[in-house]
Amino acid sequence: MIELRNVTKSFPQGRSTVTALTDITLTIEDHEMFGIVGESGSGKSTLLRLINHLEAPTSGTVLVDGENLGTLAPRALRERRRDIGMVFQQFNLLGNSTVFDNVARPLRLQRRRERDTVMQMLEFVKMADHHRKHPSQLSGGEKQRVAIARALSTQPRILLCDEPTSALDSGTTEEVMAILRDVRDRFGTTIILVSHELDVIKSSCDRAAVLERGRLAALTEVTPPPAQERFDSYAERAREFLG
Amino acid sequence: MSDLLARLTEYRGEIVLSILETGIMMVNSMVAAVLVGLPIGTLLYLARPGGPYPRPWLHRALNTYVNVVRSVPFLLFVVALIPFTRALVGTSFGTTAASVPLAFVAAALYARFSEQTLLDVPEQTVELARSLGAGPLQLIGLFLFPEARSGLVLSLTTVTISMVSYSTIMGVVGGGGVGDFAIRYGYQTYEYDLMYTTILIMVVSVMVIQGAGTLLARIIDKRAR
Numbered sequence: 001m002i003e004l005r006n007v008t009k010s011f012p013q014g015r016s017t018v019t020a021l022t023d024i025t026l027t028i029e030d031h032e033m034f035g036i037v038g039e040s041g042s043g044k045s046t047l048l049r050l051i052n053h054l055e056a057p058t059s060g061t062v063l064v065d066g067e068n069l070g071t072l073a074p075r076a077l078r079e080r081r082r083d084i085g086m087v088f089q090q091f092n093l094l095g096n097s098t099v100f101d102n103v104a105r106p107l108r109l110q111r112r113r114e115r116d117t118v119m120q121m122l123e124f125v126k127m128a129d130h131h132r133k134h135p136s137q138l139s140g141g142e143k144q145r146v147a148i149a150r151a152l153s154t155q156p157r158i159l160l161c162d163e164p165t166s167a168l169d170s171g172t173t174e175e176v177m178a179i180l181r182d183v184r185d186r187f188g189t190t191i192i193l194v195s196h197e198l199d200v201i202k203s204s205c206d207r208a209a210v211l212e213r214g215r216l217a218a219l220t221e222v223t224p225p226p227a228q229e230r231f232d233s234y235a236e237r238a239r240e241f242l243g
Numbered sequence: 244m245s246d247l248l249a250r251l252t253e254y255r256g257e258i259v260l261s262i263l264e265t266g267i268m269m270v271n272s273m274v275a276a277v278l279v280g281l282p283i284g285t286l287l288y289l290a291r292p293g294g295p296y297p298r299p300w301l302h303r304a305l306n307t308y309v310n311v312v313r314s315v316p317f318l319l320f321v322v323a324l325i326p327f328t329r330a331l332v333g334t335s336f337g338t339t340a341a342s343v344p345l346a347f348v349a350a351a352l353y354a355r356f357s358e359q360t361l362l363d364v365p366e367q368t369v370e371l372a373r374s375l376g377a378g379p380l381q382l383i384g385l386f387l388f389p390e391a392r393s394g395l396v397l398s399l400t401t402v403t404i405s406m407v408s409y410s411t412i413m414g415v416v417g418g419g420g421v422g423d424f425a426i427r428y429g430y431q432t433y434e435y436d437l438m439y440t441t442i443l444i445m446v447v448s449v450m451v452i453q454g455a456g457t458l459l460a461r462i463i464d465k466r467a468r
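For the protein sequence lines, the chains are A and B, in the order given. Under my numbering, the letters of the first sequence match residues 1 to 243, in that order. Under my numbering, the letters of the second sequence match residues 244 to 468, in that order.
Think of the hints as simulated: they come from the structure by calculation, not from any bench. Mixed in with the good hints there might be a few duds.
With a straight-line cut-off of 30 Å between C-alpha atoms, the simulated DSS-like cross-links for lysine-lysine are [claimed, not checked]:
#: 1; chain 1: A; residue 1: Lys133; chain 2: B; residue 2: Lys465
#: 2; chain 1: B; residue 1: Lys465; chain 2: A; residue 2: Lys202
#: 3; chain 1: A; residue 1: Lys202; chain 2: A; residue 2: Lys126
Some chain B residues close to chain A (C-beta under 10 Å, calculated; not the full set) [as the list claims (entries may be wrong)]:
#: 4; residue: Val311
#: 5; residue: Asp464
#: 6; residue: Lys465
Just so it is clear, the structure is predicted and the values come from calculations on it, not from any experiment. Here a beta-carbon is modelled for each residue, glycine too, at the ideal position from N, C-alpha and C.
Use the sequences and the hints to build the structure in full.
This is the structure in structure tokens:
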């Protein structure tokens, strides 16, 4: 369970400060797929980065399973972060490492060499055949699938996704979202998904927080779209959408 | 021409010796660049304000050191360092002694170059390392250096080539080397053909070093271009 209690975050900017988040209180349950939506600059990425303490709150507390990461020593904080996977808009793959080595990197940080785990994760995202390639040889959607495999390699209980489909076209977006839904169903991972694309949130999330200029404007249950709106191919989707 | 050939044959031993001396000075400089310069450059990168591990006082101290070493005119630096060189290697004369000031300059140069190369690594790479719970040594060894490796090779190449040029001055303290040979025989005894021959040797060796560096950097660069 993740709890944010009266969290405010401001950044120094020159001599003044800019407030990114104001008095946010919300709770995310285990195994939930939770969306955070808002326009750009609404503070949604900052909110996500508070959860693994990449950003420290200016005031208020963030609790992950009842623990305040802000009170931990650096070493203990690093340990906890290994239990929270992260997926980024720009994939953040290491360009000089192969697909396999990218996925193995989080395990190496824990001095674990588990070839099988790496290959299982690559199989899960259907990228096992590409394990010897370098990221520059992959398409955007393939890169994001590798990035998801990397985030999953240590079997985290929480997965943070920061605009994971915003650099992808619509067909690839659905492919990546299908994988994220699979992750939740198969591993029971709590997934927190930041996006400005409302249909991405609607297709997958149970609940969503709506941010507006750093404030929690709404907290709502998400009604899933009718099943036929999940398209398998771009052509199919385009025909339906335009016709 | 046959005149030159005859003289080259006559001085063959000395030419080979001077090339060896330059080689020793180059190797010592490169070792200093990698073992001292690279760690300093990495600390400059990590400790900078806004960097992954900001330590303003450490950054300021290292930055000042690098600037001082790089700003003192090299000939003056060699002379000023004589007492230190004598304390360190027991003599202030000869190829080993000449390597000391060269090593200082090479380390300072490479510190600056490697800092700049690391600054070119995308901020997302550092963010990824942090999100994965990487410690400082893991950040360096598993994220920064692997991503920056071709830039690090290219800048080491540049440092090495600068050292070829710096080493010509080392005749002042009996360091020998190709440059010293050219000055002694070419400039001081008016044997210009010998001087131009040694200059040619230096030009060719710089081209070989640069070619090797560029090739290696390209082979290990797997990122998109």
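Results for each hint:
no.: 1; hint: Lys133/A with Lys465/B; in the structure: 10 Å, holds
no.: 2; hint: Lys465/B with Lys202/A; in the structure: 38 Å, violated
no.: 3; hint: Lys202/A with Lys126/A; in the structure: 24 Å, holds
no.: 4; hint: Val311; in the structure: 32 Å, violated
no.: 5; hint: Asp464; in the structure: 7 Å, holds
no.: 6; hint: Lys465; in the structure: 4 Å, holds
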